[in-house]
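Participant: Just remember that the numbering used here sits 31 ahead of the position in the sequence shown, which is counted from 1.
Honestly, the hints are just simulated from the structure, not real lab data.
For clarity, every value in this text was computed on a predicted model and none was experimentally measured.
A hint or two may mislead.
Straight-line distance between alpha carbons at most 20 Å, and here's what the computed DMTMM-like set of lysine to aspartate or glutamate pairs gives [unchecked claim]: (1) K610 with E598; (2) K184 with D70; (3) K542 with E585; (4) K438 with E538; (5) K610 with D650; (6) K510 with D476; (7) K422 with E538.
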Amino acid sequence: MRMPSSVFAVGRYALVLGILAGSAVLVSGARKTQFTVHDKAYYAPQAIVEYVNPGLVFSVVSAKIASDGTISVDYKVTDPSGLPLDLSGIQTPGVISPRFLIAYIPNGQAQFASYIVNTVTAVTGGATGTQAAGDSGGTTSTVAVGEYIYTFKSKAPAGFDPTATHRVGIYGSRNLTQWDLGTNYASVTYDWVPAGGGAKPAPRDIVRTADCNQCHDQLAFHGGSRRGVDLCIMCHQPQTMDPNTGNSLDMKVFIHSIHNGSALPTVQAGKPYQIYGHNGYSDFSSVVYPSNAASIADARNCQSCHNPKNGAAQTNAWLTTPSRAACGGCHTDINFATGLNHVNLPQADDNQCSQCHIPQGELEFDASIKGAHVTPTQSSTIPGINLNITKVVGGAGQKPVVTFTIKDNSGNGIPMSQMTGGSNRLALVMAGPTSDYGYTSFGSDVTTPGYVSENPVPTASCTNDGTCVYTFTHAVPAKATGTYAMGIEGRRGITLLPGTTQQLSSEYGAKNVVSYFSVDGSPVVPRRTVVSINNCNRCHTSLSLHGENRNQIEMCVLCHNPSEGDESTRPNAVVAADKSQPTQGINFAMMIHKIHTGENYGAAGQTYTIVGFGGSHNDFGSAFASVPSSITNTGVLYPSMTLGGSTGNTAACYMCHVNNSEATFPIGKNNVTDPQGLLNPAPPTTSACTACHFDTPTYAHANSQIDPKFGESCTVCHAAGAAYDVLQVHAGQ
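Put together the whole structure using the sequences plus the hints.
Facilitator: So, in structure tokens, the structure goes:
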């Protein structure tokens, strides 16, 4: 529905909105297909959505630079369906505010340079620096509604090179707040060669936005309007630096430094890593890179960003063109001018970098680029361990007989004699019923709540091909019903590069396998699926915890059940103060929510601390990052970004959950032990939700909705379609 402009000139859309409000109840049919349950527009009245057509898309028709240096771009503005939008918000809803960038790649170079550069003065001290900038003060002419030509006020300099690759960038917003549809953001880039003649542009193309979005969900900065790597690298290149800190804002430098954060040698030495931006100082000193979670703060997994399968034209540039700037972004303690911390070798330029740092050498952990960035647990020399459970036989009151296989990567059986000593380990874990774990007793001698773990190595009967049979010493409870779970885990120790000066000890684990079996003849019903390890590995790459033992969600929940806490490890705490604290609950839903909300706990002066194996102190709040006491610590920084361009969007439940499972409440499941919480024990839904929404008023609200006879009433207000549908209240953050 499109209205003539005269309708909008009076009353600020009052007439139209009145008609829509009255007709909304009459509108039926399917919702707009481009919106999902995670979009705010999904929940708006259909008539409003069809009128406003939320969303914003920029596209470029053409760009040119005249002989006198005048730069212009012909561009279109549409909604996601391709319908044209009016910049002024008169003929179509929402004022649109575009901004423009222009840059080029000098021939013989690899990075963009902007035609528009400002000199910036530090807020104190008087230091100055250059920063690439956008154009302002240009003119706009209308081709038609939805198509415009912007002529830059800035010009290309005399003698500019028309044969070089040029890029124009457009970013901006569409204000739909008066329809309660927030602000829409978009950006686009366009590459061309002004000289024409069929010449094809050759832009910088190393890291793709899709790879960033594996963790960040929607890469957006500076208020949300600047989106995507293609736009970022137009300004974040060697021209741009921060005069307040002296830090380079070149993408290949500061992105490495940001992501390495707490592990930067200079941060470890007590110097914070900060950048002065639009909102003052931002401190990245407590960033912990999540990839390779077994070695937290280990940023050696370069390919989580430099994805060799992303289709980028220069995706292997990190291997073929090493530079002092890029490498120095992580190795911040190197002084290339003097050779300090660079085996005493000064480097005056980048010409010799690739002579020592070849893409890949003969051995791991050498000076080659791939070799220097090998994570020991992922060494290619690891022979591997592969486990499988082929059969479980055992009913109520019986001791299960488990048939499993254990083989290396070549398919050879691994004898039990090789699974003993050192860090070698093999275990079978039984829990049940799958309707909910946590409160089943497997005998008076079992101290682990809700599950029992046994070592099959001493008594398992195995053949040479790695097929083994083990009979549990503990029985399924006599009154058990339904489906039970049997999980298997294992790891082996290894010495890498033995006999060399690079020799080191490491471990590697097997992929966990969980098999389900009926204990009463009823159909087998696996435990409910809430999250996927594939979603975890979007950030963590290869999530493996407890010494490479556990790496599948189905295995994690056997132990991290509603009755589990750190009571077995807390008495041995290495931090004396931990010994006097109550047990910390570690039910999976509560624990994962609290861990990923760590920054918020720190900001609220609270913490979530688990005493782990060996008495280890694991604080996910304000003391999470391992940095000197002089460095400000923040807690776990959740990387998912809001529409407004800030991290910590814990409302993006879909980053971990599958099939909108966050909206399927565990009503009626087991209560959760939480001795350090405000409510102990806590009903399951209350426990999961208050792990993120942990303020006292929210606890009071949740507690008021718990009846001793009927349980939780959360679904009344928060189920799908209810007044405060959980998906709806989390949407569009």
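Participant: Each hint: holds or not?
Facilitator: Tested hints:
The straight-line distance between the Cα atoms of K610 and E598 is roughly 10 Å, inside the 20 Å bound, and the hint therefore holds. The straight-line distance between the Cα atoms of K184 and D70 is roughly 37 Å, outside the 20 Å bound, and the hint therefore fails. Restraint check for K542 and E585: satisfied, since their Cα atoms lie roughly 11 Å apart, inside the 20 Å limit. Straight-line distance between C-alpha atoms of K438 and E538 comes to about 16 Å, which keeps the hinted pair within the 20 Å bound.
Taking the CA atoms of K610 and D650, the gap is near 14 Å; set against the 20 Å cutoff, the hint holds. At most 20 Å may separate the alpha-carbon atoms for a hinted pair to count; K510 and D476 meet this at roughly 18 Å. At roughly 28 Å between alpha-carbon atoms, K422 and E538 are farther apart than 20 Å, so this suggested pair is violated.
Checked against the numbered hints above, the structure violates hints 2, 7; every other hint is satisfied.
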